[in-house]
Amino acid sequence: MDVFNDTLQRIAEEAKLRWNEETRGSLKVSVMGQTGVGKSTLINSLFDVDLNTDPVRPGTTKIEMRSVEGKQGHKILFYDLPGIGESQGKDEEYLKQYKQMLLESDVAIWAIHADSRSVSFDRDALHKLLETVDKNQQIQLMSKIIFVLTKVDLLTPVLSSPWILYKVGDEGVFETMDPVDLLIKQKEQYFQESFIKSSPFKDLIKGQTYCSSRFNVREPKLRYSRNIVYYDGLLDEGERNRLIDSYRRHKDVFKRLYDNYRVIPCSSRYKYNLNLLMRVVTDKLASKSTGKFGGFLTTSTMDRVPFSQAVRYVNIVRVE
Amino acid sequence: MTSYPDYEVKDLATRARARIEMDEKYARETLEAYETKRRLRIDEIIIEVIQNFYGKVVYELVDQVKKLLPKEWF
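Protein sequences appear in the order of chains R and Z.
Here numbering that gives the first Met the number 0 is used: the first residue of the first sequence is 0, the next is one more, and so on.
Here numbering that gives the first Met the number 0 is used: the first residue of the second sequence is 0, the next is one more, and so on.
Hints are computed from structural coordinates only; laboratory data are not their basis.
Hints are not guaranteed to be accurate.
[To be verified] Simulated DEER-style distance windows between Cβ atoms:
(1) Z:Lys70 / R:Gly232: 57 to 63 angstroms
(2) Z:Asn51 / R:Thr297: 54 to 60 angstroms
(3) R:Tyr189 / Z:Lys24: 22 to 28 angstroms
(4) Z:Asp42 / R:Thr131: 33 to 39 angstroms
[Claimed, not checked] Simulated crosslink set (BS3-like; lysine-lysine; CA at most 25 angstroms straight-line):
(5) R:Lys127 / R:Lys61
(6) R:Lys166 / Z:Lys24
(7) R:Lys166 / R:Lys201
(8) R:Lys27 / R:Lys95
(9) R:Lys287 / Z:Lys55
(10) R:Lys205 / R:Lys186
(11) Z:Lys9 / R:Lys250
(12) R:Lys98 / R:Lys143
(13) R:Lys166 / Z:Lys70
(14) R:Lys254 / R:Lys98
(15) R:Lys143 / R:Lys250
(16) R:Lys287 / R:Lys134
(17) R:Lys166 / R:Lys127
(18) R:Lys166 / R:Lys61
(19) R:Lys254 / R:Lys201
(20) R:Lys15 / Z:Lys55
(21) R:Lys254 / Z:Lys24
(22) Z:Lys24 / R:Lys205
(23) R:Lys201 / R:Lys127
(24) R:Lys98 / R:Lys134
(25) Z:Lys24 / R:Lys143
(26) R:Lys98 / R:Lys74
(27) R:Lys254 / R:Lys205
(28) R:Lys134 / R:Lys27
(29) R:Lys134 / R:Lys196
(30) R:Lys74 / R:Lys287
(31) Z:Lys70 / Z:Lys55
(32) R:Lys184 / Z:Lys70
(33) R:Lys15 / R:Lys95
(34) Z:Lys24 / R:Lys70
Every residue, glycine too, gets a C-beta built ideally from N, C-alpha and C.
Please take these sequences and the hints and turn them into a complete structure.
Structure, rendered in structure tokens:
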């Protein structure tokens, strides 16, 4: 019995060592996107780090790798993957490198400027990237990449529509009014259609989210294993609503699964939707990345802007 | 009560409070998602360590058993 207990003790010690080692690793975050979409600013807001936000030289396609320490001493390795399209010859070389970076990353974000009217540049790059990898890697990439619409605070609908700035103590929270809200939703749908719904790779996506309670749903595309619910293929709005109507007690699970397939509209400046983005990042995280990710989680929400700073922004209506 | 284009201030406040509640829900869900994955990962590590450990034990036992068998077998 002593030998057995000693063995258990050794196994527990080894497991502890392994976990501690994983928590000390650098979190690899790749962000793909054109110059000026706000990649560094987005990472700063999301992980509470301080990456230099000087714009990269316009037109550059050089991969930048930066290491930065978070508030709790954990490290992020940030791969800045600028947009491609300078020349076909060079693009192929860059795509090879981007593909490797995205596959190796714990978190992969594809950032698109909300005010961009053309998606062909990014969409072609995504397709080229996926065409050059095998099916397993296509599944991995399509399931891992999070599409983000940046700088939604710069969207201006035809009707004048300010943002609401709501005072909470010394801080402010931004919220949209209907015209901006509608415009954001239209943009989100447009980009979701372009990048995900019309993609020839859409059926390869595997969505996933946690479910703490017992999940006894029998549906062909749904699987459940050890508190994680998986969905194979594209979960669109119609199917999400059907699942919610059929299994109401799991409505939050289906909503979270659906968010895996969204293009998340965000504003780093207004701290808008960063909580949603962080939840999607966490949901999509591979379990082996969990250790290094923990150091960047906060127990508070990420939607607050110092009020003294927020009131300096234009086109807002203050509410207390 | 002041209004801005077509909105009453109290409606705007209600809307902003709903946003705050939603953000708080997302933040809670983030922590729940993380905790679920953390537990899952620790389970995986324990399984890997046990497999690794007993794998070594099995090979060691195989070597010891071989010594007890006729030499011409090997």
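Status of each hint after checking the structure:
1. The beta-carbon spacing between Lys70 of chain Z and Gly232 of chain R, approximately 59 angstroms, falls within the hinted interval of 57 to 63 angstroms.
2. Restraint check, Asn51 of chain Z to Thr297 of chain R: a C-beta distance of roughly 35 angstroms breaks the suggested window 54 to 60 angstroms.
3. Tyr189 of chain R and Lys24 of chain Z have their C-beta atoms about 27 angstroms apart, which keeps the hinted 22 to 28 angstroms range intact.
4. Under the hint 33 to 39 angstroms, the C-beta atoms of Asp42 of chain Z and Thr131 of chain R, about 35 angstroms apart, fit the expected range.
5. Of the supplied pair hints, the one linking Lys127 of chain R and Lys61 of chain R holds, its CA atoms being roughly 18 angstroms apart against a limit of 25 angstroms.
6. Between Lys166 of chain R and Lys24 of chain Z the CA atoms are separated by roughly 19 angstroms; this keeps the pair inside 25 angstroms, and the hint holds.
7. Straight-line distance between C-alpha atoms of Lys166 of chain R and Lys201 of chain R comes to about 41 angstroms, which puts the hinted pair past the 25 angstroms bound.
8. As the CA atoms of Lys27 of chain R and Lys95 of chain R are separated by approximately 18 angstroms, the hinted pair is consistent with the 25 angstroms bound.
9. Between Lys287 of chain R and Lys55 of chain Z, the direct Cα distance comes to roughly 24 angstroms. Compliance with the 25 angstroms bound is thereby established for this hinted pair.
10. At most 25 angstroms may separate the alpha-carbon atoms for a hinted pair to count; Lys205 of chain R and Lys186 of chain R meet this at roughly 24 angstroms.
11. As the CA atoms of Lys9 of chain Z and Lys250 of chain R are separated by approximately 30 angstroms, the hinted pair breaks the 25 angstroms bound.
12. Note on Lys98 of chain R and Lys143 of chain R: the hinted pairing holds, with a Cα-Cα distance of about 12 angstroms set against a maximum of 25 angstroms.
13. Of the pairs offered as hints, the one joining Lys166 of chain R and Lys70 of chain Z is violated, with about 85 angstroms between alpha carbons and a cut-off of 25 angstroms exceeded.
14. Note on Lys254 of chain R and Lys98 of chain R: the hinted pairing is violated, with a Cα-Cα distance of about 30 angstroms set against a maximum of 25 angstroms.
15. Between Lys143 of chain R and Lys250 of chain R the CA atoms are separated by roughly 23 angstroms; this keeps the pair inside 25 angstroms, and the hint holds.
16. A hinted pair counts as satisfied when its Cα atoms are at most 25 angstroms apart, and Lys287 of chain R with Lys134 of chain R qualifies at roughly 21 angstroms.
17. A distance of roughly 46 angstroms separates the Cα atoms of Lys166 of chain R and Lys127 of chain R; the hinted pair therefore is violated under the 25 angstroms criterion.
18. Taken as a hint, the Lys166 of chain R and Lys61 of chain R pair is broken in the structure, with Cα atoms around 42 angstroms apart against an allowance of 25 angstroms.
19. Straight-line distance between C-alpha atoms of Lys254 of chain R and Lys201 of chain R comes to about 18 angstroms, which keeps the hinted pair within the 25 angstroms bound.
20. Distance check on the hinted pair: Lys15 of chain R and Lys55 of chain Z sit about 19 angstroms apart at the alpha-carbon level, within 25 angstroms; holds.
21. Between Lys254 of chain R and Lys24 of chain Z the CA atoms are separated by roughly 13 angstroms; this keeps the pair inside 25 angstroms, and the hint holds.
22. Between Lys24 of chain Z and Lys205 of chain R the alpha-carbon distance is near 24 angstroms, which keeps this suggested pair within the 25 angstroms criterion.
23. Pair hint Lys201 of chain R plus Lys127 of chain R holds up; C-alpha atoms about 15 angstroms apart against a cutoff of 25 angstroms.
24. With a C-alpha separation of about 13 angstroms, the suggested pair Lys98 of chain R and Lys134 of chain R falls inside the 25 angstroms cut-off, and the hint holds.
25. For the hint linking Lys24 of chain Z to Lys143 of chain R, the alpha-carbon distance of about 23 angstroms falls within 25 angstroms, and the restraint holds.
26. Under the criterion of a C-alpha separation no larger than 25 angstroms, the hint pairing Lys98 of chain R with Lys74 of chain R is consistent with the structure, at around 22 angstroms.
27. Of the pairs offered as hints, the one joining Lys254 of chain R and Lys205 of chain R holds, with about 15 angstroms between alpha carbons and a cut-off of 25 angstroms not exceeded.
28. Among the hinted pairs, Lys134 of chain R with Lys27 of chain R is consistent with the structure: their alpha-carbon atoms are about 23 angstroms apart, no more than 25 angstroms.
29. With a CA separation close to 18 angstroms, the supplied pair Lys134 of chain R and Lys196 of chain R stays within the 25 angstroms bound.
30. Among the hinted pairs, Lys74 of chain R with Lys287 of chain R is consistent with the structure: their alpha-carbon atoms are about 16 angstroms apart, no more than 25 angstroms.
31. The hinted pair formed by Lys70 of chain Z and Lys55 of chain Z meets the criterion: a straight-line CA distance of about 23 angstroms does not exceed 25 angstroms.
32. Of the supplied pair hints, the one linking Lys184 of chain R and Lys70 of chain Z is violated, its CA atoms being roughly 77 angstroms apart against a limit of 25 angstroms.
33. With a C-alpha separation of about 37 angstroms, the suggested pairing of Lys15 of chain R with Lys95 of chain R is violated against the 25 angstroms cut-off.
34. For the proposed pair Lys24 of chain Z and Lys70 of chain R, the alpha carbon gap of about 23 angstroms is at most 25 angstroms, so the pair holds.
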